[in-house]
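Engineer: Residue strings, one per chain:
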Amino acid sequence: MEPVILHSITKTYGKEKKLAVDKVSFAVKQGELFGLIGPDGAGKTSIFRILTTLMLADSGSATVEGFDVVKDFKEIRNCIGYMPGRFSLYQDLTVEENLKFFATVFGSSIRENYSLIHDIYVQIEPFKSRRAGKLSGGMKQKLALCCALIHKPSVLFLDEPTTGVDPVSRKEFWQMLKQLKQQNITIIVSTPYMDEATLCDRIALIQNGSILSVDTPEAIVSSYPDLLYAVKAENYYRLITELGRYPGASAAYAFGEHVHLALKRDKGHLQEAKKEKILSYLAGAGIKDATLKETKPTIEDCFIRLLSRNEYERETRQ
Amino acid sequence: MRTLKFLLQKEFRQILRNKTIRMMIFFMPVAQLLIIPLAADYEIKNINLVVIDHDHSPYTQKLLEDITASGYFKLTGYCSSFREALEQVKKDEADVLLEIPEGFEKNLIRDNSNKLFIAVNAINGVKAGLGSAYISSIIRKFNEKILTELIQPDRFNREQVIEITASNWFNPEMSYHVFMVPGILAILVTMVGGFLSALNIVKEKEAGTMEQINVTPIKKHHFIIGKLIPFWVLGNLIFTIGLVIARLVYGIVPAGSLLVLFTCTSVYLLALLGFGLLISTFCETQQQAMLIMFFFMMIFILMGGLYTPIDSMPEWAKVISWLNPASYLIEVVRMVVLKGSDFRDVVPHLIKLSFFTIALNSWAILNYRKTN
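If you read the protein sequences in the order shown, they are chains A and B. For what it's worth, the UniProt record's numbering labels the leading residue of the first sequence as 1, then goes sequentially. For what it's worth, the UniProt record's numbering labels the leading residue of the second sequence as 1, then goes sequentially.
Hints in this document: simulated from the structure, not taken from any laboratory. Treat each hint with caution, since some may be false.
What the hints assert, rightly or not - DSS-like, lysine-lysine: derived pairs with alpha carbons at most 27 angstroms apart: (1) A:Lys140 to B:Lys205; (2) B:Lys19 to A:Lys140; (3) B:Lys5 to A:Lys74.
Unchecked claim - Under 10 angstroms between C-beta atoms, here's a sample of chain B residues computed to sit facing chain A: (4) Lys10; (5) Arg13; (6) Glu204; (7) Thr209; (8) Ser321.
Glycine included, each C-beta is placed from N, C-alpha and C at the ideal position.
With the hints as constraints, model all of the structure from the sequences given.
Structural biologist: The structure is reproduced here in structure tokens:
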């Protein structure tokens, strides 16, 4: 049985019943590093809070390790580790005291599961008598991870663990998650960073409370149907509007310093001929300095495509 | 039990590591007990007296000597006219005016009677009331003195005088400190227990640690008991420090048993901690908790009979003080410390305090469940 299963979970907030999670269903496999990818306000934290028994869903059901999140919340609390998005350990206790406290409340001890946290803990051990509030951001992150792991949970929930962390620490953090996976711990991690998606085994793209797609990052990328070009020109704004009007374009959007142009695939033309055609179109519109190259789609491109399709469907439904 | 032990260890560690709390535990009882009873005294002294003397006779000199010798009055001015003296009242330089008419001595000896005029600045009601009472009694005594001087003593008193002798029970010297210190002791316990318990739990909410605790197998009642015990201990500790100060500085030794005192304080603390817990369930930030607690503290202190007796309050205010747990502790501490009341005397108070304990704590726990 899969360790985490959600079935049609719905959650609304407030009197006006604002939809935060909309009939979300997915399942996480044993030992998987599962990513919940979506922008702020997509409903990631709400899903985490429902799964960690901190909040009740309005409808739908979910199980963690076979336990129901409503009926068997006590059992769930024994077997999960949760690291909230905000640092929430005792700032006035030292590193070691925090770790000891969280080990003991789970009826465990630091020594018992030390092997699990060893690789992470050695990095903060020199500061073990420092108060948690006085640690740097990256250190806090590592301590929080240690505290979430110290009782050897079978499922680990990490809510935006890399938000507000520097790029080097982010990289290190994902390295640590990779190592934890070796211990056969199921990890669910949420992040707004698209580039982190490829580091997961499987990802769920989420927007406005509903799941757009659940698959491996490779499968999501390879299912991208269009041809994708990265176009660059001096006049960025004109470029993006002109490309949007290009016949056969399914989308044109800003992507770093380039504009990504998605074209529907058709068998007739050769690639080179297509490029020529776009360039001459742009030249005709007065953009003469445009350079263009074909590019491989990333998760972000897939996300943008799914997003616009989702919005289109929503509009047609109304 | 193991969990509770670790929770308590954590709580005590956090409390004792907090410099402000650590300082307040010792500083607050010392400062409050040393300063308030000495400063906030109802005995009015230094009443500014201005005399308008139209007589300038030995008798007026004697009268003024008597007045200034009492220690309550400070002779701040001599004026020749009432209008001039009234100016001083307007400038707030005089509290009481005494006008001595022309021929005061002459008329007193000849006619056996005379009139004096007293005007009182009544902006401060207490000062005005006491000031005029003091000066009236001094003049009355002066009157008796000259009566005995002027009139040859007969075999029988010409005037029938009822002499009243009052004896002050439980506080023979009518010392303000003896009355005030026990009340302040009760307030100290109230402040510490109320504020610390309300703020502490909200702090966990604010820091997000509450959520971290909620995903652990810690049981709710363990968590709450783990929060209450440290402050219960702290409240009793402050009460003890207060008792020691009362003894060393004011020489107040409880007339009753310490067991009765500590039993009542302990039950009261449980009620108060429940109240703090209740407030914390309604608040998201420490600022909110602080404001709400301040509101109730003012009512607890000012309507608890610490400064003004509850018996002299209007009926509706009495109802409010029935609902004020602090009023029971203030009364009990005074009863035990001054009168030496034993368990039998404080049973009604204990029953009411127990009722508060049960009601407040159950409400808090119910509300705590609902929000989480």
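Engineer: For each hint, tell me whether it holds in the structure or not.
Structural biologist: Hints versus structure:
1. A:Lys140 to B:Lys205: holds, 19 angstroms
2. B:Lys19 to A:Lys140: holds, 23 angstroms
3. B:Lys5 to A:Lys74: holds, 21 angstroms
4. Lys10: With a closest approach of 5 angstroms, the Lys10 of chain B hint holds.
5. Arg13: holds, 7 angstroms
6. Glu204: This interface hint holds because 9 angstroms falls under the 10 angstroms limit.
7. Thr209: With a minimum Cβ separation of about 5 angstroms from chain A (threshold 10 angstroms), the hint on Thr209 of chain B holds.
8. Ser321: violated, 39 angstroms
Going through the hint list in order, the structure does not satisfy hint 8, though it satisfies all others.
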